Amino acid sequence: MDLAYSPEYEQYRMEVRQFLDTNKDQSPPPYGRGNGDGKARDWQKLLIENGYAARTIPKEYGGFGGEPDILKSHIIAEEFASAGVRPGHSGDNRLVPTVLELGTEDQKQWLVPPTVRGDMIWCQGYSEPGSGSDLASLSTRAIVDGDDFVINGQKIWTSGAQHADMIFCLVRTEPDAPKHQGISYLVFSMDTPGIEVRPLLTMTGEATFNEVFFTDVRVPKHQIIGNRGEGWFVANNTLKHEREGLGDPNQAENRFREIVDLMQRETMDSNRLIDNPTYRDRLLSLQGRMLAMKFNGMRVLTSQIKKEEPGLPRWIIKLQGCELNHQMAAMAIDSMGELGILYDDSPYLRDHGRWQQRYMMDLGLIIGGGTAQIQKNMIGERALGLPKEPKFEKPLN
Amino acid sequence: MDFALTEEQLMLQESIGGYLRSSCPLDAVRKATEAGTTHVPEIATELAQLGACGILIPEELGGVGMGFLEAALISEALGSVIAPVAFVASSVMAPIALLGAGSQDQKETWLPRVANGEVIIGVGISEHIGRRETDGIFADDNTLTGKAMFVLDGMDADTLLVADNDAQLYLVQASDVTRNKLKTIDRTRSVAEIIFDQSSAEILPGSVNNRKHLNDMVNAGRVMLAADTLGAAGTMLDLAIEYAKERRQFNRVIGSFQAVKHMCSEMAADLEPCRSLVWYAAHAIRAIPDEATLMACHAKAHLAETGRFVARKATEVHGGMGFTDLLGLHYWFKRIGFDRQLLGAPEVVREEAASAQGWI
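Residue numbers (the working numbering), protein chains in the order written: chain A, 132 to 528; chain U, 3 to 362.
Derived from the structure by calculation, the hints contain no laboratory data. Possibly wrong hints are sitting among the right ones.
Unchecked claim - Distance condition first, Cα-Cα at most 25 angstroms in a straight line; then the derived PhoX-like pairs of lysine-lysine:
| # | chain 1 | residue 1 | chain 2 | residue 2 |
| --- | --- | --- | --- | --- |
| 1 | U | Lys109 | A | Lys522 |
| 2 | A | Lys310 | A | Lys239 |
| 3 | U | Lys214 | A | Lys519 |
What the hints assert, rightly or not - Short derived list, chain A residues pointing at chain U, Cβ under 7 angstroms:
| # | residue |
| --- | --- |
| 4 | Met132 |
| 5 | Asp133 |
| 6 | Ile405 |
| 7 | Tyr410 |
| 8 | Arg411 |
| 9 | Leu422 |
| 10 | Met424 |
| 11 | Gln451 |
| 12 | Ile498 |
| 13 | Gly499 |
| 14 | Leu517 |
As the structure is a computational prediction, the values presented were derived from the model and not from experiment. The beta-carbon is built from N, C-alpha and C at its ideal position, and this holds for glycine as well.
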């Protein structure tokens, strides 16, 4: 056990810090997506040139072309976060690794460079009204007609579809094959005729998701990643990348600090909430859980540096991390009491209503990206070796 | 950055764990506890030879001179087989006090004999964590008067290390006090009530007007109990998974039912991060002293909570059998219950964690 960084990495951290000191005036606002007025594009370009964005994406596809180095990526993320500067991106962390791994040379040239520049924004067309946890049962159909696939069907929970330039989408191309073997992975423009996007209001009052309808949408046959019928396996590649992003322990630690700050500021009967033993005990219980997850994250990071499979410590991150975030938001709201039910632009609203938003958004994240129950199935079956549910030959009613 | 066990630590874990798994199965624990034994000499002797008893004691004093993470790995291994053998007080808490506050003579007298398993030192400091049923211990002219409760490894001890009401530390010979066994739910370990009546005592000179050594003992003891719970809960989870893979009802193994599978996944998801917390807390004692108290408190409290959850759920996975003596799951259940209260229940140590961060 050695928690220090070697001199090489300490040096690297200094370089990142110095870069941020010198250049952070040029950065766009810390949150936001898309290239907007071009400031974000220039910033991304500068970050790629310096190896702080798209680090491991090959140069010929618009990246920096560095060797994978998890510790460097970790240092970059930490330094950008503590400087409050918008980090760079690697295009789309679901699509880009998938295309680089499984796409043809033409597809890589076509899709990766503009995505990495931030000029091509993506949405993910996986879930359907009838296919949520049982994603492989999806029924959006694509049939071949001449040189095109013709798509009919509907997707749902499509985050960011209203802003996206492109979609990567699972469609059923082989209806007679077993369900996992009849799916293909297509990529196409959101401007293609026959696509309709309808925003889906959520409990937060905002529309982060959409329904996307396809009516005779024609997509050239070469816009398939992998072979026909292999889409499920291509998509699993994507899901693997998505799952790791949810439940990030650094985020939990930052959020915990915010609650401590809140409880040191807020008063009830003129007493600070942190001086109330009942609330404080609950806060400390959360701190214990948060620390356990933080150190679990360090253990996973160490395994990744050593190119070892982290196993159980990684399988649990999404389940535990999302739940912890939700519990922390709940703690913040409870410590505000009646102030915690204020919303929108109400007077007396604290922290711009951030905790109320999170309390609801986090429930969405517990459900999305593989529900907590699906996570428990995966932990049980893949990490603990428990048997799957028996399959029935005919549907049960 | 390397948050993992070293080769040497893995070897230690394997040698101690391997020995205990083969020599201390449930039958052996049952046999010992039914005879009222909480310290099986053969196991103690073998552990001493493997370096466990002198894990923290420097080589020149007969030990192996390793650190708290190694000690935590041993504690975890002992918890996982619910070993009836003294460790936390005698091999961790007492050596810390002697090394930190003892005279050269005291160190040379006691530490080599602790390391080779010849003597056991019981530790009585619960009066400083949450005093119950006693007014504590008063010192007067090299004697102690009063009562120490819940003295860990107390009945098996040859010598006792106790704190007076000013947190000064003393060695007292077991023959100079009255000892009463306190029967607890956990029959694998010994706690005693110790009555001092002008009993002659030898102060540890470094502890005069200095609370530090008591605090160090408490921190280390808490991490060890957390590690013990980690081991015990880990075994309960393994047994539950094994049972869920074998037991059949409705023509299928019960582990294929989500109700049972999810209990197992929840236990694993809660318990696995605890391992990292225990490692960090043990590492921090020496390497990050500023965080030692905070992390020891969190390890103790969080493992107590997670341990309780696992103890209960793992029993439920076994259905009615889990509740029987025949299966013996209750030995682990009770060990986890014991670890929870000793050296501070979760509510108590969380409040200390608040102080350690300057919140109160």
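Each hint tested on the structure:
1. U/Lys109 - A/Lys522: 66 angstroms, violated
2. A/Lys310 - A/Lys239: 28 angstroms, violated
3. U/Lys214 - A/Lys519: Violated, because 54 angstroms separates the two Cα atoms, which is more than 25 angstroms.
4. Met132: Since chain U brings a Cβ to about 5 angstroms from A/Met132, closer than 7 angstroms, the hint holds.
5. Asp133: 5 angstroms, holds
6. Ile405: Holds, because the Cβ-Cβ distance from A/Ile405 to chain U comes to roughly 5 angstroms (cut-off 7 angstroms).
7. Tyr410: For A/Tyr410, the interface hint is violated, since the closest Cβ of chain U sits about 11 angstroms away, which is over 7 angstroms.
8. Arg411: Constraint on A/Arg411 satisfied, holds at 6 angstroms.
9. Leu422: 6 angstroms, holds
10. Met424: Since chain U brings a Cβ to about 5 angstroms from A/Met424, closer than 7 angstroms, the hint holds.
11. Gln451: 5 angstroms, holds
12. Ile498: 16 angstroms, violated
13. Gly499: Violated - the Cβ of A/Gly499 stays beyond 7 angstroms from chain U, reaching only about 18 angstroms at its closest.
14. Leu517: 4 angstroms, holds
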